[in-house]
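Asks: One-letter residues, chain by chain:
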Amino acid sequence: MEDAYLGQANDIILGQDFLTWLWYKSEALGGTFATPDGEAFALYMEQRISVQGGEGDAKETTSVSGLMSELKEAKAGLALGKKVCKAQIKIEVDSDAWQTTLKAEDFSQTSFKTPKVEFKQEEGDDPDASFLEKMYLLERGLGFLDAVYFEFLKLRFSETWDEERKKVGRWLNKDSQSN
Amino acid sequence: MGFLSASTSFTRYRIIGEIPETLWAEIPDRLKKNAFQDIDHTSDERSFGWVCFDEMLDSQWHTAPPEKGEFMAFVLRLDTRRISAAVMKKHYTLALNDELQRVEKEGKKFVSRDRKREIKDQTKLRLMSRSLPIPAVFDVIWNVRSNVVYLASTQAKLLSLFEDQFTLTFDLHLELQTPYYQALQLLGENRQHQLDDVEATLFV
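Read top to bottom, the protein sequences are chains A and B. Under our numbering, the first residue of the first sequence is numbered 145, with each subsequent residue one higher. Under our numbering, the first residue of the second sequence is numbered 217, with each subsequent residue one higher.
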């Protein structure tokens, strides 16, 4: 099958490698990440993950969801060489939480949730205050995602990527053997 | 669902190229020039254009200006008339039966292919004018400091319509922030060859 647009294959490779690595990394680090400025945040992949393998007509997707599940079937798919193509991601900083479903091939975001913003206006309030707070939170959430993507990219195009790749492989083997 | 909802689906863009300094003052006028045109009283199939972020019925920005802090916020409104296939089939059959009766009186036994097409078009137009356009709105938020633009949709057809309308209005080009373009932005142009030659990692 030909690409729907120029560079689509590179988008899929980068997006799927990233989400697959992110699942490993978030479990290996116990969900602890930091922005380039040193702000710590927690990031988990949970509840809903889709993995994909094969090409063209032989393409195969497995979607697994479960509230407290370890998503073993999706992980088993990775052990067979599939990659994460869509994942639900949760980010936490103190009592604030963000949630989104990120698609590997184009980084489109569905069901993006920020910490709650109060939209009830009181007299004398700036009419745009809630809008500005919402946008601040949305961009803050995206900032955390960009930070982990940047961390991935630095690793992905460095000499240590081969070592990191092996670590992901060991994590998968360990998990599939314990099943 | 828009950006002010509890949950939003969206796509992120970046404006590429230089933005002329004179553009900022022209934004309200450019939005008005490409504002949404109502089709309630016509039989047009669809209409799209910009409306006020705070009020989808306001295409003149009387309610509030597009500027909100460091953002420009507006809405892409798309109204579409849809006729269900079953309704179309019924009314086309009725019109065709009328036509058959008419030609039979003239001694003919069938309706030509061209005439059938004509009847179909007329039926569609008649039904269009009787059906109300269905409005849909998609929030657009432009961060004027970073020149990142957010669109509250992930549908491919709508994205393409939005990109064209944005370029037509502001004479600016948008780059969808897909993994490749975001990587280019984060790593810098000098790493482009690495991104172009990337091969899938075999983790197992």
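If you're looking for bench data, these hints aren't it; they were derived computationally from the structure. Glycine included, every Cβ here is placed at the ideal spot set by N, Cα and C. Misleading hints may appear alongside valid ones.
[Claimed, not checked] Selected chain B positions facing chain A (in silico; Cβ < 7 Å):
#, residue
1, R230
2, H278
3, P281
4, G285
5, F354
6, L403
7, N406
8, Q408
Asks: Hint by hint, which ones does the structure fall short of?
Replies: 1, 2, 3, 5, 7, 8
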